[in-house]
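Novice: What follows is each chain in one-letter form.
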Amino acid sequence: MKSPAYHLRPNKAAERFAFIEAIKRLTKLGGNLEEYTYYGLGGPYLEDCRLFYEFYPEISMVSIEENEEVFKRQQFHLPCGNLHLEPKDMKSFITQYEPNDKKSIFWLDYTRLEYGCFDEFKVLLGKITEKSMIKVTVRAESDDFWDEYKNPRSEKIEMFQREFMTILPDPSIIPPRDSREFANLLQKMLQIAAQQALPAEATSLVFQPVSSFYYTDGKGMFTLTGIMCKRSNKWRVVKAFKDWEFANFKWEKPTRIEIPILSTKERLHVQRHLPCKTSRGAILRAELGYLIDEDIPTTEDALEQYAAFHRYFPYFLRGTP
Amino acid sequence: MDKANQIKYEVLDFSPVKSFFVSMLTRDILLDDAILDLLDNCVDGILRSGRTGGSKPYAGFKAEIEFKKDTFSISDNCGGIPWSLHEYAFTMGRASKPGRPPDPAGTMGAYGIGMKRAIFKMGKRCLISTRSGKDQYEVEITPDWLGEESEWFIPVSSAKRSGEEDGTTIVIGDLHDGISKKFTDDAEYFNSELVGKISGHYSFIIDKGFEVIINGEPIKPRATKLAFDRSREEGVIRPYIFKTKSGGVEVFLTVGFTRGIPTPSEILDEEKSPKYSSLEAGWTILCNDRAVLYCDRSELTGWGEAGIPRYHTQFIAISGIVEFKSDVASNLPTTTTKRGIDSSLPLYLQIKNKMRDGMRIFTDYTNKWKGREEEAKALIQKGEKLSFEKIKEEAQGLSFRHISTSFPPGDQYQPKLPLPFKPEPTNRRISFTREITKIRTVGEYFGNPDMAPSGVGEKCFNTIYEEAQRKK
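As they're listed, the protein sequences go chains A and B. The opening residue of the first sequence carries number 1 in the numbering used here; numbering runs sequentially from there. The opening residue of the second sequence carries number 1001 in the numbering used here; numbering runs sequentially from there.
With the rest of the complex left out, here is chain B (with noise of 0.2 angstroms):
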């Protein structure tokens, strides 16, 4: 070989790049996800500070966002970013570095990415300020800064923090024109979606007394809640639960009926036009009382598989929550946004088994009370709709059966569903379709044109009955 054209080989740099972390990086989050991240952290500040317990251990602790043309803020009172945590709080990643003091239980930040991505996604300048004990300063990033490709240090300097609470206010500026469009031209969307996602994914929370106030008005939480007859019976709708423990993670599952199961007519009107009824039904997945996956009907959460039919309006009264809780972070099966599952994991795999399980009772109940749904109905609203941790309050008072065989073991909890009584050959279904004028014009005769096409159906049938039997 030629000497001189060999190619002399040499140790290749790896180093980050900043504009990926800055530019790339924020592309696989959506600016609401983003902002969810930021209020993660404030939860992670208030397991720090320790002063969490009882049925409320989130009250007193709030949020405050706010978002205009130039500008977007988040402040909370939630214990502040202690100097002994600046390098995890501030370093792109997370490095494990020994004497890093360790996360306590519950914390959610495994990968040290969420508040950065956060501020690079929405602007090039930010101010960070943090009081947290007698530890008091401020981190600015600027659009110098985020140019200059070989700088990695940012200067920190003492500062007040007004009032009287520890925590941290964050404000981002020089928003990107994206961002500020979506704050201006298009803040009434942008805001009804943020609302949404934080009431639903933060619901849990809020319901622990968290608070987060969005541009003045606070969010109230949409909880799932599922139907429980308290009653001492048996043969009457309660959830299906279990609940296990396995490798440092705590589990609980609850699957039930969250409303009355739909008639024919209401499963064609809701197909026939969008009513978006089917967003709260499904599955919803908590990893240390955060939502990261809000109502699902997919795969994902065992719609359409092993036996399971796929999510249809007709299962719409169907939801289910699973709540997964660790001490360790990187134990729970959740993705770097937070707001996915990492449906690879085994002990996820496992318990997909088990929610297929309690979903397939009230699969199978929806289908047996077909053509009775009224019936089906009522039996459902007879039962009280309790909030998840309501029912696991309630869970204590139920008789559970030790599964040994499943996979992991676990305590189970299977509600003997009423069934109806069949066959009852004396009654048939009778159903067809008319115009919706023609089905208002005679609702209108009947004293309500908005009757329910089933409604107006029956009148019509007991109208003439009626007759028939005068004239008999």
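One chain only, chain A, in its complex shape (with noise of 0.2 angstroms):
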């Protein structure tokens, strides 16, 4: 029942921004926001709605929520009336879920890594309709199978691969123990799931990628987004998104989320020289004149990661209500 506050998880803070800009470019696919549903699994705080309100009011709402206490926590939340609080479990909610012809963005939001999300995930590409937009995050934490000592746990592996068995490139993979392969691992699967649930001699719609993340804010974590669209319209969504820097249209490896702590002086400082295109990390260490991580190297790779998620990183600060 806990949910840990977005101010501390700043990657996934980040990462939701992203997805912000994501859903402005639906519009270039024609038609406006007000066309769409967006449901999701808003938390104790609901602040995913809270935030998609003060961008896109046009967009109504349906979080969805299991867990009575904290549905009664929304209740006292709401905090805007075209957000329609629905008391169930995602499960049955696709299940009953009728699109009606309307377009939907979904957030699929799981914490963990089971099999169930790639289920419904599943389901949910059955009954969406073209143009809907689908965002599913899962649990990637490598070290689930590693141990400290980098051995394999050999019976959590024997699960996963026995749990995961018909979506796995090779019923005998391991999970890799580096991340960004572990999440590229967890992004096939999700791209086996959904040519499963849309076979191209069965339909003409198919699950267009536009990004995908992976990120740690004390758990690794896996994001994919992407949009629904009939296999010969493929190229208006790459059109759509192709200026972005975060696009991902052919499955390539998730894009990696890593925003280095700075504080508010340096980063007013820093954001004076972005956006610039090339050596960010090194443009900005030059600025700072000085290292905020172990060496040269990895001081600029953590200020490239600033320079390219600086847009979408808040700036949490501390006020009295």
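Take the hints with a grain of salt, since some may be wrong.
[Stated by the list, open to error] Straight-line distance between alpha carbons at most 20 angstroms, and here's what the computed EDC-like set of lysine to aspartate or glutamate pairs gives:
#1 A/Lys91 to A/Glu58
#2 A/Lys156 to B/Glu1384
#3 A/Lys122 to B/Glu1271
#4 B/Lys1438 to A/Glu114
#5 B/Lys1377 to A/Glu155
These aren't lab readings, by the way, just hints derived from the structure by calculation. Small disclaimer: the values here were computed from a predicted structure and weren't measured.
Hints given; two lone chains; assemble the complex.
Specialist: Below, the structure written as structure tokens:
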């Protein structure tokens, strides 16, 4: 029932702003955002819904919650009038979901890695309409399968292989230790699940990815966003997102989000030199004039991350209500 | 009768129609099974070469499969197709003609349709090039030839095969629309299915040295391994074994545990959300090293009949393997697709009795240890997990009993599995359900939100019990 606040999950917060950006681009596919309904798991504070309302008040929203106490807390936090609270679990909700030709934006924001997450994704793909968007977030913690001495946890690996057998690229695959490779495996599993749900011979619709990220705020997470479109119209989606730095149309390896902690003063200082297109880490390091990590390469890597995501990285300030 | 209207009966034309082979026969087989047929031909090639022996009879032989939008290809170094076999290899169906060399022992091709059916399943154009010793030739199937009903002959040209080794390369083009989509739009899905199928059905052959490569990635075998306690004690976990020879077919059957028996909470979890753990349970039937049935849990392999319960998640740990070996492929209990069992064959029906006998030992064990699964699990884990080949090796050291009353008669090893001491009236089961989120919350309180529900319940009890003891 515990749900850490967003200021304790800065990378997730940035990733959520990337989602806001992706939603904005839906209008480039034709139509208005008011044609969409957002479905998500708002959690006790309904932060996502609060943010979406700020950016897109025209989108009506539904928050799905299975825990009775959290549901009561949501009723207390209700941020706006166009948000409907639905006391259900996601599986039941998707089973009963009927789009009625309306476009949807779904965020399947899971905190765990279970076959059920992929199953719900597949069921949803079979229902959702063209130009709808689905974002899936799952746990991506390679340490679940490797101990602190870098030895494989054989029993956990065996369980992983058994549980996900039908969506693994290779049934004998061992979850990689490297976070990016592990996130990439999860992405492949979602790709296989999407192709199972929408076989080319049976449907003209396809799930076209637009972005994928992995990040760690205590625990590793992977998130994939894509749009339902006709196979013949994939180019329209590509066109709508092609000038976005984080676009991923070909199921390429996911983008890492690991934003360094900078003081407000540092942020304002380096921001004067942004945006810049090349050697961003090196430029910002030179501007700061000191290292913020162990050495030059790690400092430049961290500042490169900051440069890439600075627009999505919120300021968390202390305030008195 | 009016003579003018009388029908004049003449001979009927029973000739085959080419489109039947090209369009109809291909409907009987799935794409991945058709590809397995091509691999079967590679293995038959190895056996023809006579270069097999030892524990890794297929070592050094490989088949490379590549598929992309426009083409499918399979290339092997498995000896090629000797010109003396060209009629068998290229005729639609197998004719028994005098003078044809006998099949080498262990080959699977019995019907003469596998390669052709696989080609027609995928596309309208194909080039088959092969080298076997001095014989080097290629055959091209074109869309024009396929469309011409009366034309049954194809010219053969001599061709040099690149590389040093004898083998065959088949390149299929002009792919059917559905096949091309599988190779592009659904490539990841198709690849995962094909890899899964080959790693299971071919695990025994790959384990014996054969290499299968798909789009550059070698396939790892996914072999069933059974718990085998090598200690000299009785009352330990070992598989049941039965072996016999009948009508030119050698049979080796074994069944046992692949893992610990599941606890009630694991069963409940499995039923609530599919985890597909069951996909690795059940029977695998091998015919001349090739798995013709993989992890079957139906009546076909004895589940749910003659006193054996229907398969249920509680039996997730039970797996068995039956190997049929014969020099004559048609004696084996398999269908024309070689991916199924001809369950009406008397030998298979007889062996199925023994499969059930073996299975009963392990379903009984599972039932007897109900409520004490953790103890049973520990006993199973004491054993080493052995592959089928290793079990065959270990079997030599076991004492078998000859059963002359069974059909067919054979040698049997029946393990004496450990039994729980009964009754233990001092223990009672506590069982209850709670919301998942609440279980997680309590798990988190104990330091691990992912703790198994049974563990959370047990810790709760132990914590309160200790407190109760202190207050006593």
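Novice: Does each hint fit the structure? Answer for all of them.
Specialist: Okay, the hints, checked on the actual structure:
no. : hint                  : result
1   : A/Lys91 to A/Glu58    : violated, 27 angstroms
2   : A/Lys156 to B/Glu1384 : holds, 18 angstroms
3   : A/Lys122 to B/Glu1271 : holds, 19 angstroms
4   : B/Lys1438 to A/Glu114 : holds, 18 angstroms
5   : B/Lys1377 to A/Glu155 : holds, 13 angstroms
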